[in-house]
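Visitor: Dock chain D against chain X, hints included.
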Amino acid sequence: MTVAAERIDAIVHERARRQSFHQSEQFRGLALISPTFLYAFILLLLPIVVVIAHSFWTQNYLTIDRTLTLANYRTALTDPMYLDHLMRSLGISLAVSIATVVLAYPIAYYISFHGGRHKNLWLFVIMVPFWTSYLLRVMAWKVILGYQGVLNTGLIGLGLISEPSSALLYNTPAVVIALTHAWAAFAILPIFVSLEKVDRSLLEAARDLGDGPVRAFVRVTLPLSMPGVISALLIVMIPTVGDYITPRLVGGTEGVMIANAIQTQFGRAANWPLGAALSVTTMVAVTAVAGLAVLALRALARAMR
Amino acid sequence: MIELRNVTRSYGAFKALDAAQLTIQEGEFFSLLGPSGCGKTTLLRMIAGFDTPTEGSILIDGQDMVGTPANRRPTNMVFQSYAIFPHLNVEQNVAYGLKRLKLSQTEEKRRVDEALAMVELRGLGKRAAHELSGGQRQRVALARALVMRPKVLLLDEPLSALDKKLREQMQVELRHLQKSVGITFVLVTHDQYEALAMSDRIAVMFGGKIAQVDTPQHIYQHPVNRQVADFLGGMNFIRAKIVGEDERAILVETAGFGRVKTDKPGHFRSNGGSATLGIRPERLRVLWDDEQSRHEVAGTVVDRHYFGEVTHLVVEIPGFEAPLSVIETNNFGADDIPVGAPIRLAYDPDALVALAD
Chain X
1 MTVAAERIDA IVHERARRQS FHQSEQFRGL ALISPTFLYA FILLLLPIVV VIAHSFWTQN
61 YLTIDRTLTL ANYRTALTDP MYLDHLMRSL GISLAVSIAT VVLAYPIAYY ISFHGGRHKN
121 LWLFVIMVPF WTSYLLRVMA WKVILGYQGV LNTGLIGLGL ISEPSSALLY NTPAVVIALT
181 HAWAAFAILP IFVSLEKVDR SLLEAARDLG DGPVRAFVRV TLPLSMPGVI SALLIVMIPT
241 VGDYITPRLV GGTEGVMIAN AIQTQFGRAA NWPLGAALSV TTMVAVTAVA GLAVLALRAL
301 ARAMR
Chain D
306 MIELRNVTRS YGAFKALDAA QLTIQEGEFF SLLGPSGCGK TTLLRMIAGF DTPTEGSILI
366 DGQDMVGTPA NRRPTNMVFQ SYAIFPHLNV EQNVAYGLKR LKLSQTEEKR RVDEALAMVE
426 LRGLGKRAAH ELSGGQRQRV ALARALVMRP KVLLLDEPLS ALDKKLREQM QVELRHLQKS
486 VGITFVLVTH DQYEALAMSD RIAVMFGGKI AQVDTPQHIY QHPVNRQVAD FLGGMNFIRA
546 KIVGEDERAI LVETAGFGRV KTDKPGHFRS NGGSATLGIR PERLRVLWDD EQSRHEVAGT
606 VVDRHYFGEV THLVVEIPGF EAPLSVIETN NFGADDIPVG APIRLAYDPD ALVALAD
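Taken in order, these protein sequences are the chains called X and D.
In this text, residue positions in the first sequence follow our numbering: the first is 1, and each later residue adds one.
In this text, residue positions in the second sequence follow our numbering: the first is 306, and each later residue adds one.
A few of these clues could be false.
To be verified - As a list, the in silico DSS-like pairs of lysine-lysine whose alpha-carbon atoms are at most 30 Å apart:
1) Lys197(X) / Lys431(D)
2) Lys484(D) / Lys456(D)
3) Lys404(D) / Lys197(X)
Source of the hints: derived by calculation from the structure; they are not laboratory data.
Bear in mind that the values here come from a model prediction, so they are computed numbers and not experimental data.
For reference, chain X alone in the conformation it holds in the complex (with noise of 0.2 Å):
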């Protein structure tokens, strides 16, 4: 048999086979997807889902009344006390998310561009404070901001202030200081992976057509590393939203936040149904707000051009 007979043997062979086996074909798909289809249905859909049915449903002391209502949502959305917090956590994030992106970029800016040979050591630096816990790190913003702490003796030793300062912890902006730090590096990577893509030449040829460093960098650096900036914010503002640690040990009674008075409802208040609206009302809320953010800063960027 020559080599295309054979091969068109195999073809017919084949379709044969595979009309035959339909099932067993589609069979096997759904066998390799399984695993990581299993692994996101249980890890990550269907916690999701209990947490939506929750939130339409009412706690009846121990028991769970499972008629559907909007009831929870209209507490969470109608309550001044839930609303507050929702406002200030979204407040928050905003403010830590930019203040982070804002600090991080000219370390990631350095980095890359001034790094030399040592751009590996300078990311390992970055990294090597984020191998202790972030429980000690908030921790040690206490120790800093304190009553006693190591900022206000530092001012007293220089004679700028005659006796300590409570106003600096347990509040709105003890929170922002100690989320901005803690989430610092996670800015920086993605900031530092979108200015490494710029190439170099095209700062050149922004040079070379009449603009001076200033405007090579408003103009060609700033945009191109637009993507970084926007996985930066998004991955800094997303998860402090929900920061409960924090604000629970430096933000004082004013700094507390929407994750605090969820677990309020899941703890104490025991009242889950409540707590899964509240969680589901700050899920579309953080939506919405990063949603906007990176819109504003797509804007941005081609304003800039």
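Guide: Chain D in isolation, oriented as in the chain X frame:
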């Protein structure tokens, strides 16, 4: 127009460019030709302002440019990678440098359209950078630089990324464009045919030094040394004995060619009474049947390479240390000459050049 005085660029002990002296005339198409690492790109980048000479000065229009940053020089560059801004479309790329000039909207549009027409990209203004082919990117880079109306346009191997057909077409177009806009072009290339086809003058560079500056024809026909001769096209090298010498000419004797008088190149030094003679393969001609010539050598064909329009013959001549290569067009049947056949070659004694080693 451009004057380089003693321009040196060293990196520690290594000299990327060693005391370059060069004057480029206004409106000239000037090429810097050399193998990679010869310093040609370093030189171009110093004219553009992306690199600073360690010593010496660069004058454009009589003004010393050392210390002037790239954005304040009357030069524009076409980068080897084209450096098209990926976040801008064709029009925005071309208008990039104009934005700083604060022209009126209509004037800016007119100049962009004019530049796009010049490089034959009319109607592609709205195309995104990633939708362009290699040739189109090159044209955008060219339009973006030309729209600035620079005194000098610098081109860093602009055609090296294009395929052969397109490259040849662009060579012609670039040449025409340069003549029509009248701007001084400085081209960096490692392709000798590109330099020969496009330039008014060429500077051949080796190891950070400028070896020869001249018109394409003169460089091809009278290379100053073996290195230049070898880099520009093929060359047969023949050892010869110097039998006579005055200021302008030398008389040499070789086994096959007998006694030949040749022009003496500028810095020729006789090397213990011997010299190297060079002759281009296309300056040797096959003598057919009983054809006679006053200047001929006889030998044997030892190899043959067929290239379509021409055939390269390798001919062994008794008394020569290396066989001669001969390029013969195929209209007389050079492609039918069998290997091993005896052959007679005619040569023009004027085509023989004495080369400094």
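Visitor: Tell me, in ascending order, the numbers of any earlier hints that this structure violates.
Guide: none
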